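Trainee: Single-letter residue listing:
There are 2 protein chains.
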Amino acid sequence: MSSQTVVANKIEDVVRPTTIVESSRLSARLGTHVILAAETFQYTGSFKFRAAYSVASQVTQQLLITASSGNFGQALAYASSLLKKSSIIVMPDNSAKVKVDAVREYGGRVELIDTRVKSRAEHVRDLAERHPEAYVASAYDDALVIEGNASLGREVAAFEPTPDVVVAPVGGGGLSSGIISGIKKSGKNIELIGAEPLMGNDAARSLKAGRIIANETEPQTIADGARTLSLGKRNWEILRHSMREIVEVPEEKIAEAVRVLFGLANLKVEPTGALSVAAVMTKPEVFRDCRICCVISGGNVDPAVYSELIHRRAY
Amino acid sequence: MSSQTVVANKIEDVVRPTTIVESSRLSARLGTHVILAAETFQYTGSFKFRAAYSVASQVTQQLLITASSGNFGQALAYASSLLKKSSIIVMPDNSAKVKVDAVREYGGRVELIDTRVKSRAEHVRDLAERHPEAYVASAYDDALVIEGNASLGREVAAFEPTPDVVVAPVGGGGLSSGIISGIKKSGKNIELIGAEPLMGNDAARSLKAGRIIANETEPQTIADGARTLSLGKRNWEILRHSMREIVEVPEEKIAEAVRVLFGLANLKVEPTGALSVAAVMTKPEVFRDCRICCVISGGNVDPAVYSELIHRRAY
Numbered sequence: 001m002s003s004q005t006v007v008a009n010k011i012e013d014v015v016r017p018t019t020i021v022e023s024s025r026l027s028a029r030l031g032t033h034v035i036l037a038a039e040t041f042q043y044t045g046s047f048k049f050r051a052a053y054s055v056a057s058q059v060t061q062q063l064l065i066t067a068s069s070g071n072f073g074q075a076l077a078y079a080s081s082l083l084k085k086s087s088i089i090v091m092p093d094n095s096a097k098v099k100v101d102a103v104r105e106y107g108g109r110v111e112l113i114d115t116r117v118k119s120r121a122e123h124v125r126d127l128a129e130r131h132p133e134a135y136v137a138s139a140y141d142d143a144l145v146i147e148g149n150a151s152l153g154r155e156v157a158a159f160e161p162t163p164d165v166v167v168a169p170v171g172g173g174g175l176s177s178g179i180i181s182g183i184k185k186s187g188k189n190i191e192l193i194g195a196e197p198l199m200g201n202d203a204a205r206s207l208k209a210g211r212i213i214a215n216e217t218e219p220q221t222i223a224d225g226a227r228t229l230s231l232g233k234r235n236w237e238i239l240r241h242s243m244r245e246i247v248e249v250p251e252e253k254i255a256e257a258v259r260v261l262f263g264l265a266n267l268k269v270e271p272t273g274a275l276s277v278a279a280v281m282t283k284p285e286v287f288r289d290c291r292i293c294c295v296i297s298g299g300n301v302d303p304a305v306y307s308e309l310i311h312r313r314a315y
Numbered sequence: 001m002s003s004q005t006v007v008a009n010k011i012e013d014v015v016r017p018t019t020i021v022e023s024s025r026l027s028a029r030l031g032t033h034v035i036l037a038a039e040t041f042q043y044t045g046s047f048k049f050r051a052a053y054s055v056a057s058q059v060t061q062q063l064l065i066t067a068s069s070g071n072f073g074q075a076l077a078y079a080s081s082l083l084k085k086s087s088i089i090v091m092p093d094n095s096a097k098v099k100v101d102a103v104r105e106y107g108g109r110v111e112l113i114d115t116r117v118k119s120r121a122e123h124v125r126d127l128a129e130r131h132p133e134a135y136v137a138s139a140y141d142d143a144l145v146i147e148g149n150a151s152l153g154r155e156v157a158a159f160e161p162t163p164d165v166v167v168a169p170v171g172g173g174g175l176s177s178g179i180i181s182g183i184k185k186s187g188k189n190i191e192l193i194g195a196e197p198l199m200g201n202d203a204a205r206s207l208k209a210g211r212i213i214a215n216e217t218e219p220q221t222i223a224d225g226a227r228t229l230s231l232g233k234r235n236w237e238i239l240r241h242s243m244r245e246i247v248e249v250p251e252e253k254i255a256e257a258v259r260v261l262f263g264l265a266n267l268k269v270e271p272t273g274a275l276s277v278a279a280v281m282t283k284p285e286v287f288r289d290c291r292i293c294c295v296i297s298g299g300n301v302d303p304a305v306y307s308e309l310i311h312r313r314a315y
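Here the protein sequences line up with chains W and V, keeping their order.
Mapping to my numbering: the first sequence position 124 is 124, numbers consecutive.
Mapping to my numbering: the second sequence position 247 is 247, numbers consecutive.
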């Protein structure tokens, strides 16, 4: 394969600025002043495009491979297409059809695998052997991912007035470590608080223990973007020093936050995207009298799952 | 009541700029290039705040009265509160609780009436007699309403690149006549096409007949923001000369557009807000090779109604 030069644009010139959403009723409901930084209208519907474009535009390889049944797969497929590169997205063969269709519409080649026979990691290793010319991309444990997500940190740091605290969901730590990096470069003094599902609270436990602790199995939280075994090493090195704390969010609060954002902010969010608001509802005392920016990480959610969530109860 | 002077801000200094949402998958699905101008994150969740603030800030009266079970009631309540004025919103006693709550949270006084005993219009007339000091506000047939909504027309005219066509829902004609006024003042050459429910197609029939034709009864379309008997007189005087055409949208297309906006643009819209996209799906030949701006008028919809709509079928 030829190694033609790719002229990469600056991330800020390519990504869409985050969408600022404010709602007086939401702030009243949460008992504090909240600004939402919604990445639901980012290319491919989540912040992952920032990371994916950063990776795809900066590596010299023309083929990108990743294992992702979710937002990173769609983001990498689209970023690769924009850069006239190719991508192979490895997905479990029981993935929702809408997700497989989305990756294909964004120009990605989908490889469906039976995870009972071979794990995703094994499959990616085999693929990498067959395609030594390819770059195998991690959704979080990669300096280029952190660099891409830092663009959101810079945007939030430029908000007027400056927020006191940013709240962001934590899975592998790619988003939170990126936001911290971006804020630091801006010179602003804004604290970051993580929001993690209680049933997959490895990051919260890691922060308390002072070392990476992994979940034994993939936690089956409804916040499927946070179904990670552990933080990435590169992410941990940033978070261990700079993350103020992590709020552990029960499943029911995640569902409630999806409903609250639907009802009081007109925002369609996926469960992972509701984690930050759910954290404020879970531990309101942490956020009292603060000007908070809640990062809404993405909006891609199956209609059946979503209608079940918003239908359950009033907000 | 004292007639103290109110210092009104310019509309543009108060309203939130419309939220521009683009989606490559949505454009591909519609077979044309579409930009969405979403008013779902406007104050009170719909464009009606533009009109309500224009009215409440420019009349000298300290009390505003309107009959509205929907977005105009919430908008007038909130605009009045911001201006330290009072409002009475007349609503049918079978209105959804979330709507009544919303008006109250925005600071409006709600009067619930039994419409089987007395019509809303009669009740408003009685109220006006009891409160001769009040201004009775129409949601569309008012020069100040048109002026308020013109702010959206100016915003759309400033989009780069300039759209060829703007598509907007038509009920009483307040939004479409306002957009036309705003575009005209900008000096840009952008056509406006209306989107009206087929089952309440009085505006389409009026445009063909060259005079206002009214529905005999309130059409029971799911686009409840367009359940008007006829265009307003002031709106008609603008639309008769400047509205290119009106696409009559079947109910099923409105529901489909709600699903498409959910699935391909991550946008939560109320059925009336989906009318513009539904019009493009209903008559694609009208919009071929155009750069289209679809106005999404609002996002306030009951969770039960919404979950039923998005659950019905894939997009």
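Just so you know, the hints here were simulated from the structure itself, not pulled from any lab data.
This one's a predicted model, so the numbers in the text were calculated from it and none came from an experiment.
A few of these clues could be false.
To be verified - A few chain W residues facing chain V, derived, Cβ under 10 angstroms:
id : residue
1  : Q58
2  : V59
3  : Q61
4  : Y78
5  : E105
6  : R109
7  : V110
8  : P161
9  : V165
10 : N189
11 : F262
12 : A265
13 : K268
14 : G299
15 : Y306
16 : I310
Don't be surprised by glycine CBs; every beta carbon is placed ideally from N, CA and C.
Trainee: Mind listing which of the numbered hints don't hold for this structure, in increasing order?
Mentor: The structure conflicts with hints 1, 2, 3, 6, 7, 8, 9, 10, although it agrees with all the remaining ones.
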